[in-house]
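Residue numbers (the working numbering), protein chains in the order written: chain E, 1 to 353; chain L, 1 to 353; chain Y, 1 to 353; chain U, 1 to 353.
Take the hints with a grain of salt, since some may be wrong.
Which copy is meant is left open, because identical chains are indistinguishable; a pair holds if it fits in one copy or across any two.
[As the list claims (entries may be wrong)] List of simulated lysine to any residue pairs, SDA-like, C-alpha gap at most 20 Å:
| id | residue 1 | residue 2 |
| --- | --- | --- |
| 1 | Lys304 | Pro213 |
| 2 | Lys198 | Val260 |
| 3 | Lys98 | Val260 |
| 4 | Lys298 | Thr268 |
| 5 | Lys198 | Gly316 |
| 6 | Lys311 | Val260 |
| 7 | Lys92 | Gly159 |
| 8 | Lys186 | Asp169 |
| 9 | Lys186 | Arg85 |
| 10 | Lys311 | Arg265 |
| 11 | Lys98 | Arg210 |
| 12 | Lys92 | Leu175 |
| 13 | Lys304 | Tyr266 |
| 14 | Lys198 | Ala313 |
| 15 | Lys298 | Pro20 |
| 16 | Lys298 | Tyr94 |
| 17 | Lys311 | Asp93 |
| 18 | Lys304 | Asp93 |
No wet-lab data here; the hints were simulated from the structure.
Note that this is a predicted model, so its numbers are computed, not measured.
4 protein chains.
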Amino acid sequence: MSSTFGRLFTITTFGESHGPAVGVLVDGLPPGLPVDPAAIQRDLDRRRPGQSAITTQRQEADRVEIVSGVFEGLSLGTPVMMLVRNTDQRSKDYDALKDVFRPGHADYAYAQKYGFRDHRGGGRSSGRETVGRVAAGALARSALATVGVSLVGGTVRVGDVEASHRNWDEAEQNLVRCPDAAAAEKMIAIIEHARDEKDSVGGVVEVVARGVPAGWGDPTMSKLDAMLGAAMLSIPATKGVEIGGGFGMTFLRGSQTNDVFDGERYETNFAGGISGGISNGNEIVVRVAVRPATSIGKPQVMAKAGGGTEKVAIEGRHDPCICPRVVPVAEAMAAITLMDAWLRQRALRGHDR
Amino acid sequence: MSSTFGRLFTITTFGESHGPAVGVLVDGLPPGLPVDPAAIQRDLDRRRPGQSAITTQRQEADRVEIVSGVFEGLSLGTPVMMLVRNTDQRSKDYDALKDVFRPGHADYAYAQKYGFRDHRGGGRSSGRETVGRVAAGALARSALATVGVSLVGGTVRVGDVEASHRNWDEAEQNLVRCPDAAAAEKMIAIIEHARDEKDSVGGVVEVVARGVPAGWGDPTMSKLDAMLGAAMLSIPATKGVEIGGGFGMTFLRGSQTNDVFDGERYETNFAGGISGGISNGNEIVVRVAVRPATSIGKPQVMAKAGGGTEKVAIEGRHDPCICPRVVPVAEAMAAITLMDAWLRQRALRGHDR
Amino acid sequence: MSSTFGRLFTITTFGESHGPAVGVLVDGLPPGLPVDPAAIQRDLDRRRPGQSAITTQRQEADRVEIVSGVFEGLSLGTPVMMLVRNTDQRSKDYDALKDVFRPGHADYAYAQKYGFRDHRGGGRSSGRETVGRVAAGALARSALATVGVSLVGGTVRVGDVEASHRNWDEAEQNLVRCPDAAAAEKMIAIIEHARDEKDSVGGVVEVVARGVPAGWGDPTMSKLDAMLGAAMLSIPATKGVEIGGGFGMTFLRGSQTNDVFDGERYETNFAGGISGGISNGNEIVVRVAVRPATSIGKPQVMAKAGGGTEKVAIEGRHDPCICPRVVPVAEAMAAITLMDAWLRQRALRGHDR
Amino acid sequence: MSSTFGRLFTITTFGESHGPAVGVLVDGLPPGLPVDPAAIQRDLDRRRPGQSAITTQRQEADRVEIVSGVFEGLSLGTPVMMLVRNTDQRSKDYDALKDVFRPGHADYAYAQKYGFRDHRGGGRSSGRETVGRVAAGALARSALATVGVSLVGGTVRVGDVEASHRNWDEAEQNLVRCPDAAAAEKMIAIIEHARDEKDSVGGVVEVVARGVPAGWGDPTMSKLDAMLGAAMLSIPATKGVEIGGGFGMTFLRGSQTNDVFDGERYETNFAGGISGGISNGNEIVVRVAVRPATSIGKPQVMAKAGGGTEKVAIEGRHDPCICPRVVPVAEAMAAITLMDAWLRQRALRGHDR
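Next up, chain E with everything else stripped away, as it sits in the complex (with noise of 0.2 Å):
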């Protein structure tokens, strides 16, 4: 159940890095929705490995099998299960690092944790389980469709460049998805430097839910702003996450942040759209901090299993920044989050919204 996400729409992933295949099931998708094969994978090639000169070189197809709960093209009420074969694991790539613990990976942790690891790739804990979350989330967006509710994303800051504005539809037109397009190419420059010097840099990915209408997440322990934090801060290489105006209106009063409302309109969003945990009617606003990667090609200090430390450079292919592929991976925790209030607030009043 610790793979697990969501309540009524719940999603559990599977699957190791350098194992036969990834994927994920879905229990709690309704009845006669469409499930559009072609929308799954348009999202998987978002978020796929090689898709573009600043992510990992390895090379990834992922291409997605609906193996259960859909027939005849609707969804049948029953789990869906979907499935992508892993084909490019160089895992010998990694047989240097079965004894050591990555500086910044999970290594340790999991030995301490198990006992026991897969070490080809991270196993278990390679941002390849991301996979399942992403073809999860295709579905719940288009479920969410269905009711007026429609999510974009974009990586809004790299390193010290910061977005200056939200235009969502440039967002796709560049590498990094950034939804300004002049400060993406900055973006882009940081990232090929670092590249270039075997390093890796970080920043921050911000999501938008449009068309919730109020009502949406529950009181005190499933708040939305607590869902949407589990569910970004369960995405790997994430560090922080914020709702509305987070961190930064702490520096506020407030009479600046109590967003003003006419019973129609907000003049404000510090809310990020969610009070007292519930939806207010005004959009959806996630931001989430992104590490810098820790899989780096420079020399680095490493703990040793039988004690010690030794200096090893990690061979393999990195993404110098990871944000780019993160945005699908947020639109899809985010996607399903407010897909589970969705279906919560049915069964509490009993109707479509």
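For this one, chain E is given, so just place chains L, Y and U on it according to the hints.
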């Protein structure tokens, strides 16, 4: 189930701000642990309204009654229900607010969600709900102490005044609970200034857990980061959370933020003690963004339930800065999260830690 | 979480037999439903000890206090906590039993599980725990009534005396709650005979739910049969459960037990109203096997905690047959199960039923 | 989540009878345990259709692929996904049944629940779903064996022929899996007779777990009886379950059914090894009522989707008695239930058993 936090150590809070009582039901506390009502009361007193000049003047003794699950001073392993009676409810103060939606508050979202609400003092959305969290957290802290895990916390920023160091012994010596006594004085000045202007200020609260062994927390959906994120963002008035280096480390490079480890000690703690979602043996560090309190005395424009707006000043007794009272709540939620992770690890490995 | 039943309509009971109180926390009751304390009390009175000559003479008024979740007579949609204080605890009666394990009771199993137990009146294993179930069940019944679902129940066998018909109006007219008034007299005679011999007798309780529309319950792991099975077998002193034709239909053939259906009416009800785990529009029928009460006045051989055995007569006030008091508990658990299935179906389909 | 069984050791099955595959996702298997594909296959072969003259003649090799969670023959502690491809789907056989509701089947209930269904071979309601249960059960059995817990099972009644003894070694030596070889012959004769008349017969399956230490299972809502009850009644075609003395002991008196215990041994086992919901050190005994298979070749009256009825004979390959194939499924579900209880007890006490 929406009001429940945790999987193996679960807490469910109940109660409205102006109802007969608030409290918590804790399930999953292992048997045979000493339960000290005085320790619970101590934490409740740290959360209590009216404790100082910079908190709300609502007076609640907040006396806890342990109703079940304890026998002859020891936990039975059965559900522990704890109850705190509400006494100083000036429900009349809220009559004027029955038909308006206070800006920044959950009033409108609740009305849309439930079609019906208890308007008195925010009902269920009141910060008073956190009484149960603190009582449950005290049980978790006692239990964690038996395996050498302890937690400290404090206010590390108010407005733009930041603590320059973490001397946790100082934190309980000043009204704002800041681990830097000099900064505390400036923070208090800022808070008093806002209070005098019938306004409020925001800030940041930090919690540190010491002694957590490597191996707690689960990969993917139940990462310790994710669980702490949900825990923190379930606290009223929070809009952001970060672990270790958080948003700050996104300005840096991987070669700077990969915490070098020699098998025993880490040189840095950008990971905040969590790698791949699992504790790595370092101190666990989490910070939460606390928005300026939404309840302010200044007149504000409010939407009326029947349509239109009105300018109203909210009578009542407000906290000009919630940070000092969030500290024990954030500590409690962190303790509950770690307690849950500990029990999961016991299940996984079949030994004590 | 072990003390929680249900997924969307969840109940968690708490309290020890000789502790300060017993009660229940209900989460997931939809908002805006009338909550009538008198209706709750009515069901509690049907479960109450001391209600007749054939029940235990422990005297408990069992007055319920609704602590949260209700405002101006309506459910808020927030957790409902209900409390019943224990008053007539003759804990002294149990001093002699502190160091022995009563046969048939949970004493030994608890001691092995927890390493520690509240021996007074069985502590948590006491039938007194069911107070909370009945209170929660009353909420579920009221809610179900709004969509035309009602439940009846009664004792249909005691020892070898079986009810020959189901006249549910008769059930509440006799002490044993039998839907066959003539059989009831014989049942009472059997019970009195056992009581006079300081012994106890077993029986069977049946619950029927009417008006459940087709479509409630989920396939595979959450079949309505499975949920009802868990609900019934979670009631103390039950050792069997059957749906519809149950064990009896295993003597027959498929051509006899496939309930013929013309699209509106079923000719028979071997399926007990559930096909493939989902309600099929027929009446839902569940029966539970109630063992002879384990508490008897006759001297019995008991294992001593320190080793060896002893012959002891259990002092105290016993139920010679638990069936009459199980009836309201079984109805409550069936109502809670259906309530949960109803809300799940609302989530799945997005409309009221 | 409706398709998930268990809390700490969770299984989620997926797949439709005539879809590409069926399978299971297991989460919570502790790390470092040997996983033997041959042992899994062995149990699958016991469940396999076409294994004998008295089972359906659908031919499925049921070859299992372990997709994740296992590395170098050992469990990783991560999700184990196992897949079995469907091969012998004669979907055409079901064309005639597309617009009728087969009596006794879930067709009508599914149509009402989902508004849409996969009619081919029952889709998700097919017994084929149990493939995943058996595969997951094999993992649980291997894990339980490491602490000395083993399970046996068999058919103990078919129609009115009852096994007179339990010689479990005999059970796998006859087609009906009866622990009484002489009774087995009579059972087979009954089954063949029903088959020849295009009809089906019911029966009872029993599972016994040995070596379970006292202390597994939780009080109140997660009693071992309740969890086993849910486990058994989640198996297709079951309509009753009993523990130990079950319905039979309700004819007796407390002085007869209170299992006398001397601190080491029990004289009887009316409790079926469970007291107060917790294992008491005795053998755990559970029996499940298996209805006569609903799929029969005899012409039957069926409701038509558009209204009216029709007399139709169901073509296809049917099981005249499901008991022999339910045996491995019931064993698997019992093993999964005990596995979950074991891990819960490890969490509670922090030691291995």
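We went through each hint and held it up to the structure:
1. Lys304 x Pro213: Result: close only across copies, 19 Å inter versus 53 Å intra.
2. Lys198 x Val260: between (48 Å within a copy, 17 Å between copies)
3. Lys98 x Val260: between (57 Å within a copy, 18 Å between copies)
4. Lys298 x Thr268: between (45 Å within a copy, 18 Å between copies)
5. Lys198 x Gly316: So lysine 198 and glycine 316 pass the 20 Å test inside one copy only (11 Å; across, 59 Å).
6. Lys311 x Val260: between (56 Å within a copy, 11 Å between copies)
7. Lys92 x Gly159: neither (33 Å within a copy, 52 Å between copies)
8. Lys186 x Asp169: within (18 Å within a copy, 45 Å between copies)
9. Lys186 x Arg85: Cα proximity of lysine 186 and arginine 85: none, with 36 Å in one copy and 50 Å across.
10. Lys311 x Arg265: between (58 Å within a copy, 16 Å between copies)
11. Lys98 x Arg210: neither (46 Å within a copy, 29 Å between copies)
12. Lys92 x Leu175: Answer is neither: 30 Å inside a copy and 49 Å across each miss the 20 Å cutoff.
13. Lys304 x Tyr266: between (56 Å within a copy, 14 Å between copies)
14. Lys198 x Ala313: within (10 Å within a copy, 58 Å between copies)
15. Lys298 x Pro20: Close neither inside one copy (30 Å) nor across copies (46 Å); limit 20 Å.
16. Lys298 x Tyr94: within (16 Å within a copy, 62 Å between copies)
17. Lys311 x Asp93: within (17 Å within a copy, 66 Å between copies)
18. Lys304 x Asp93: within (17 Å within a copy, 62 Å between copies)
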